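Chemist: FYI, the numbering used here numbers position 16 of the sequence shown as 16, with every residue one higher than the one before it.
Calculated directly from the structure, the hints in this document are not laboratory data. Predicted, not measured: the structure shown is a model, and the values here were computed from it. Note that the Cβ used here is the ideal one computed from N, Cα and C, for glycine as well. Don't take each hint at face value.
The calculated lysine-lysine pairs, modelled on DSSO-like cross-linking and capped at a C-alpha distance of 30 Å, are [to be verified]:
1) K29 x K52
2) K52 x K66
3) K46 x K29
4) K52 x K67
5) K29 x K7
6) K62 x K38
7) K52 x K63
8) K62 x K52
9) K62 x K46
Computed spacing ranges between beta-carbons, pair by pair [said to hold, decoys possible]:
10) V10 x R64: 24 to 30 Å
11) E35 x V61: 26 to 32 Å
12) S23 x V61: 42 to 48 Å
13) D22 x E50: 32 to 38 Å
14) I20 x I65: 22 to 28 Å
15) W21 x I59: 30 to 36 Å
16) A25 x D4: 33 to 39 Å
17) M2 x D22: 30 to 36 Å
18) E36 x R13: 19 to 25 Å
19) K7 x E50: 26 to 32 Å
20) S9 x G55: 36 to 42 Å
21) K52 x S11: 45 to 51 Å
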Amino acid sequence: MMQDILKLSVSERILMVEAIWDSIADNSKNIEVSEETKQLLDDRLKEHNESKEEGASWIDVKKRIKKQL
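Let the hints inform the model, and build the full structure from the sequences given.
Modeler: As structure tokens, then:
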């Protein structure tokens with residue numbers, strides 16, 4: 001199966017990935033999140049809300065990432 005996929009053009013593979021991603025998103029309500037993951041997310045959100053540091057904008061983050069490439 002993978003060999004057949006790799007024979008596709010890049011644009012065809014991107015379309016395939018988009019279709020797969022959309023199918024996952026359509027069923028995202030059926031995805032169960034473990035209690036451990038929920039707790040981790042709650043802890044991170046609490047830490048973020050209690051932090052006095054201001055986060056970076058997405059534009060600034062993208063600039064930093066591009067500089068590292």
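Chemist: Kindly indicate which numbered hints from before are broken by the structure, ordering the numbers from low to high.
Modeler: Result: hints 1, 5, 12, 15, 16, 17, 18, 19 break, sorted rising.
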